[in-house]
Structure formats: structure tokens, C-alpha cells
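Input sequences plus hints: build the corresponding full structure.
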Amino acid sequence: MEYRQHRLDNGLEILAECNPGAHALACGFFVRTGARDETPDVGGVSHFLEHMVFKGTPNRSADQVNRELDEMGSHSNARTGEESTIYHATVLPDFQSRIVEVLSDIMRPSLREDDFETEKKVIIEEIKMYDDQPPYGGHERIMAEFYGAHPLGQSVLGTVDTVTGLTPTRMNEYFQQRYSPGNIALAAAGNVDFERLISDAEAFCGNWESFPAQRELVPVQPRSGFVTMHKPESTQQYLIQLANGPSSQDEDRFAARVLTTILGDDSGSRMYWEFLDSGLAEAAGMGNYEYDGAGLIMTFVCCAPEQAQENLERMKKLQGQAIVERVTQKELEQAKRKISSHIILSSERTESRMFSVGAQWLKNNDYKTPGEIAAVYDAVTLEQVNAIAQKFPLVENMTLCVGPEAELFAPA
Amino acid sequence: MQTQNQQIKSHRLANGMTIVGEIMPWLESAAFSFSVPAGCQFDPQGKEGLANFVCEMLQRGCGKLNSREYIERLEWLGVDYSSSASVYHTHFSGAMPASNLYEAFEVYHDVFRDPTIPEDQLEEGRMVCYQEVRSIEDDLAQRVMLQLRKRQYGDPRGRWSQGSMESVAALTHGDVLEFFNRYYQPDGLILSVAGNIDWEQLVTKTEALFADWEAKPVDSIEDKGSIIGSLHIPFDSQQSHIAIACPCAPYSDPDYFLARGSIGVLSDGMSSRLFRELREKRGLCYTVFASLHSVLNQACMVAYVGTSSERAQESLDALIEQLLELEKGVQEEELDRLKVQIRSSLVLQQESSRSRAGSIAGDWFHLGRARTLGEVTGLINDLSAEKLNEYVQANPFRNFNLVTLGPEPLELKHGIPSASAG
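First to last, the protein sequences are chains A and B.
If you read the first sequence in our numbering, its first letter stands for residue 1, the second for the next number, and so on.
If you read the second sequence in our numbering, its first letter stands for residue 413, the second for the next number, and so on.
Read the hints as simulated data drawn from the structure, not as lab findings.
All C-beta atoms, glycine included, are put in the ideal place defined by N, C-alpha and C.
You can take every hint at face value.
Take a look, some chain A residues computed to stay more than 12 Å from chain B by CB distance:
1. Gly11
2. Asp250
3. Ala387
Calculated lysine to aspartate or glutamate pairs in the DMTMM-like style (CA-CA distance at most 20 Å, straight line):
4. A:Lys128 - A:Glu233
5. B:Lys693 - A:Glu117
6. A:Lys336 - B:Glu515
7. B:Lys751 - A:Glu71
8. A:Lys368 - A:Glu13
9. A:Lys128 - B:Asp551
10. A:Lys368 - B:Glu440
11. A:Lys120 - B:Glu726
12. B:Lys751 - A:Asp94
13. A:Lys121 - B:Glu726
14. B:Lys751 - A:Glu68
15. A:Lys330 - B:Glu484
A short, non-exhaustive set of chain A residues, derived as facing chain B with CB atoms under 10 Å:
16. Asn66
17. Glu71
18. Lys120
19. Ile123
20. Tyr136
21. Thr235
22. Leu276
23. Gly279
24. Cys302
This is the structure we're talking about:
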């Protein structure tokens, strides 16, 4: 594997992890923009724009875009988050130039009125679909409660109201502020011809006009509290907690991931033994979310409503113990083995390598091989992990309970 | 196609257990799946959920390992493991760095041959099973799919393995032991392995671990009670969830790839008919698809759309219209796109030991052999618009089974007869 990097004159970064033995090639445009870059009145515009990107350009109708992606047998998709929007495809190596051409073209979409109104209906269906699925809008609600008025508290999907109110003109204004080539990377992995990737990117993206697209970083002030969303139709109760965690830039993030693996992995962790082995919960775990200048650690439990109050107490106890009862050497070694195996398994897929290359650029303008990442985790010490438990106390959190149980209380 | 060097091998032990292996030397990992012929088809009436309960109890210690040591051992070996019961099998699967494969097999040997099944953990195990029953209730799309399958296939083929709160409550430690002793046996067991493995070593190690396991063959249960018609589940949801099914050629049928091709034209990719007509042109839904579901010698086409209640009838009508439209024929270019997509998916499977271990196990179950990727590619290349059109005209989608969940019931129009049902 060889890592290559090149920047076009207009600022577009081209990054590739070239592996001539790979069966496939994956590439994608990684844009540093998402819900946190929106103003509240256009909530959901990043995600709506992601859909509109597939609806045609001055050179192609929406039908043509879909047809061409299928003609290459591509596995293509897009995703929008709090601070990134990613358009990607995996193809056989023969299609390299053609996939780069199509993806490049759609990155300059027409935003036609007719398509806009039809797609608006699709987005509203998507919002309703998630409203019917656990935790029933709970993720959006707790992010808003945790981050308050900070842009990280804004919903990625937006609401039926904000999406209904969007116009192609407002979307185009957002596009003109965020989709500057200096704010985008073309990342690739697998069987990539890098010289050709550069010349194709030059030909297809070289004329994209550059403009400033800095993100204004406002410091976060995470809040703690206890909120209940009553959902009588739901069978299970969903308990979600957010606590402060390391950001994308914070060197503590590796030790923090080791800590949450020990405490909250879906197998063999302290939460596993407390909640899953015992059958006290259907699902339970922890996850780390790292953002530009902010981060959080999520703890979640899904259980029968009648177990919810006691489970809240168990969650608090387990989080408190993480501070006073130190992680053991055995737990640390077990977590490292697990992380290392996970890195091996996921690195075999070309698509996940492309995501790793792109995500590392998005977060830190950085690149590490799977082996280098495994080595960073391997070097994490017991002292570092135990320091994380002190520095980011999980007991200080925002709690949201969603489900049929209306009367739940924060444990004393 | 970079599949010419693909190596799939098989070996049958004297006790009826079969090893199917695919050698993928370019990978660092290996994946395995033990498909034990102890599926929920054998759950006695009133004790639905038993196979799943047994599967849960088997992972609470084995050999010298207690329940905690068992999990720790698998994790130490880097095994990303899972287990689940289906109608015909209970599956124990995992993927890991290939160098640890046989140490993982030693653990699974003890799971099958020397499990603890601790009576003092029975209630914990039951609680886990209750949680699994409850989790289905909150997944509305899954609920309609499970009901549809139950009606389409009848019993036991249309069962789901979790059972009900009542049936799980009725299970005893004796039931668990009895089920284990009767059905956990090697005759019909498929062990599929894919990844960076040495075939001779795989056979030798597996023989050494499992050759002395005694076969106790057992016949499958006959299916009965399939229902065709409409079922509505009233529910106060934002969207209506609509699922329809009708019979189709199963995986073992010579016409399978024609059926697969016709459903692919409907649903594979963003230029497929359902995506284009219902979502792209009319904005009726976010999710719409059709797929082909095979269980041994029976199969059905299943189509799903989730949409706002006020547009649910329009969406169902549009879905049926597209299914009926298919018999008017497919275009050469639609088929060409589909072929490229399938070939591309086949190549991508070669990046994943887990995906190939799953595929060859499924092949073995349905066909009694595993198709190579080259063979599948040949079958796909042989499809022509002419053959496909003959097939869709001779086998139009009919006898729809409809299950809906949402605020209002829906109606099958287009002159499709809908038998009444509960």
C-alpha cells in the first residue's frame, strides 16, 4: 500500500491509498460541511443538498446520473452528518476515470425547481420514517439538549417545517458558501492509478471556483440534565446519555476509545455483563463521537419500561465506578486485542479504506495506515485510560428517556 | 473477472457433517459459520422460542470455561462472533485473524459437545429472550415482514425464532436439555469457512475435533397453514408499512436466475424501476424495494414500501402497477445494467471472508454444493432479454399476499383477487 497526495491549484485535495492487489477501487468526495454549518432557518439544507446532488447537472438529467452509476455496477451512496457530507462509489478498477467523471459532474448540481419539489417529498418521508423508528427522534432531541444553541445541536435531517420552507435559491446560497474546492477532498483507495486520478480530477474539477469556506468554531458548553419524551406506542424504553468527550484533535481520543471499549463494547464489556448477559436490557453500550473542537461519549440502554428506573441507577453506578475503580491490566489487554482484530477485519474492504482516508483528512488533515492506527492503540497505557475516566466523567451527563414510561427520575 | 483462481472445496465427515471451504490467500482474516440443523422448526407447539433459548444458554459456559471465561476466550482470539436461530438451523458464526481459527474451533467444540447449560442462569437467559421478543415490536417494518413470511410460508417455515412472551415464559431447563440432546448432532451440519486458510489443515483439525460426534438424523417438519390474502395491523404511526409477496422460483430451481433477473430489474440500483417510478418520479417514499427470498424448495418475491399514511394507497397501487408492468417485458439495456451490477457485487464479495463463508453455506444448504463465482458469472452472462421476457410472461406476479401496518387498512386493486383473512 502506498499513500499519495496532491493538491489542485483551486485547493481540491486528492488523496489515495493505492493497493495494486485490490479487487476494487473506491472513491468519494468528502466535503467539510454539515448540519453545524447551517443557520437554524435552513435546518436540514446540507442533507437535502446531498439528495439534490444526485438530481442532475447541466450535463445530465437525474435519470442519466442514476443510469450511469448503475451501468458501472457501482455501489454508490452519500451521507450527511453534523460536519461532513460524503459522496462515494465503489467500482471495478476499469471504471476509474468514468466514476470520477460522474461524481465530479454531480458535485456541481443544477438544483432544478421541479426536482427540488419532488425530492422534498422524499426527504419528508425520510423524516417520518425515522420518527417511527427507535429512539423516535431521541437522538436529535438529546443533541439539542446537550449542546443547547451551539450549532452542533442542530438536527441533520431538519424538521418537516424547515425542509418545507427551503427553496432552491436558499440551497444555492448555502452551496456557494460551503462547496469550495478548498473545502473538499477527493479520497480514493484500492486499485487506484494515481497519476490518472490527478489528471482526471484536473480535467473535471480544475475549473471549480475557489472561495473562502472557513467554519467558525464556537466553543461548546455541554449541558447536563434529565429529560423525558413520552412515547406510549413504543414497547421498549430507550435511555440515552451524553457526556463530554475528546474532540477530533484531542490526543486523548485513542485512550477514550479504549476506555469505552472496556466499559461499553457490545460484548465482554462491563456494560455487557451488567445489562446484556443478565437480560436487564435488549441493547446497551457506549460510543465515542468526535467533532471539530468538541466531542462526546454516548451511553445507551434499551430495556423494558419497568426496568428503566433501576437501569438508570445501574448506569450511574457503573459510570461512577469507572472513576473510583481503576481499569485493570487484563481489561486493557482484552480491549486492545479486540480493537486490533476489528482493524484487521475492516481494513480488508476497499470501501472502508476509502472512508478511513477521507475521514482522517476531514478530521485532522492526517493519514495513518491501519497498522499505524493499531500501533497507536497498542501504545495506550493503563494510566492514560484511567486518566480519561477522571477527565471526562460520564456521570456528568444529559439524560434522555424515550418510551412508554412517563415517570422516570434522575438517580440521586 | 478476477475469479478464475477461486478455490472452493468440500469434505463430508462420516457422521454427516460437511465442511465447505473457500481459500482466499489475499486476506489476513478467516470467517466461519457452524450451521447446526437445530432450527426453530423443532420448537414444540406452545414452546416457540426454544431453539433460540437453547442457543442463548449454550453460550453460558462450556468445557472448563464459565460463562465469563467463554466470552473472554473468544475476545482474546479476536473473534467477532454472533449466533442466531433460523427455521432450519442455529448458526454460530465468527470472523477473526486467520491464525486464531483453530483455537476458536476448540471453543466451539466445547459449545457443542460439552456445554454447561447452567440451571442457575436460566432466568438470565430467559430475560435475554424476552428482550428479543420485545425488540421486534418496535421495528415496524420488520413486524410486517415477519407477518408476511408467516402467512406466505405457513408453519413452521414461516416462523420467527424468538417466540412470544408467553411461550418463552413456559420454557424449562428440562426443555433446553431435551432440545439440545435431540437436535444438536452432526448429520446435516454445515461448517463453512472462508479466508486465509490451508484446506488440508482445515480438514485435519475439523476431523480431529468433530469426527467422534455421533449422528442422530432427524426429519424436517412438514409445512402447513399458508394463508393468501390481506392482513392489516392497526397502529398509530407516521408512515404506513406495506409488504406484499407472491410465489417465485427458489434458489435451487433452474429458472432461479430468470426470477432473480426480473426482480433485479425492479429493484437493483438507482435506475431500477421501483426506485425510479415511486421515489424519483413521484416522491412517494424514501424506502422501496423488492427482493427474492428462498427457503429450500420454496421462494417468494417480497416487495416493501414505507410511506405517509395519506399516500399509502397511492403507493400500494403504484407498486402493484410496476409489478404487473413487468410482464410486458424488460429492455435489453435494463438487463445489461443489472448484469454489470451483479458481477461487480460478486467481485466485491472477494474482499470479505465473512461474506463468502455466508454465501457458500447458503449454497450448500440449497443446492448440496457451492457455486463458484465464475459459475454464477456464467449464469448471469447467459441471461438474455428474450429469455427473461419469456419467463415473466409465463410466470407473472399473481396471488399477492398483503400485510400493512399503519393508521388505515389498504386495498389491493387492479382486479387482483384478495382472499379474506384474519
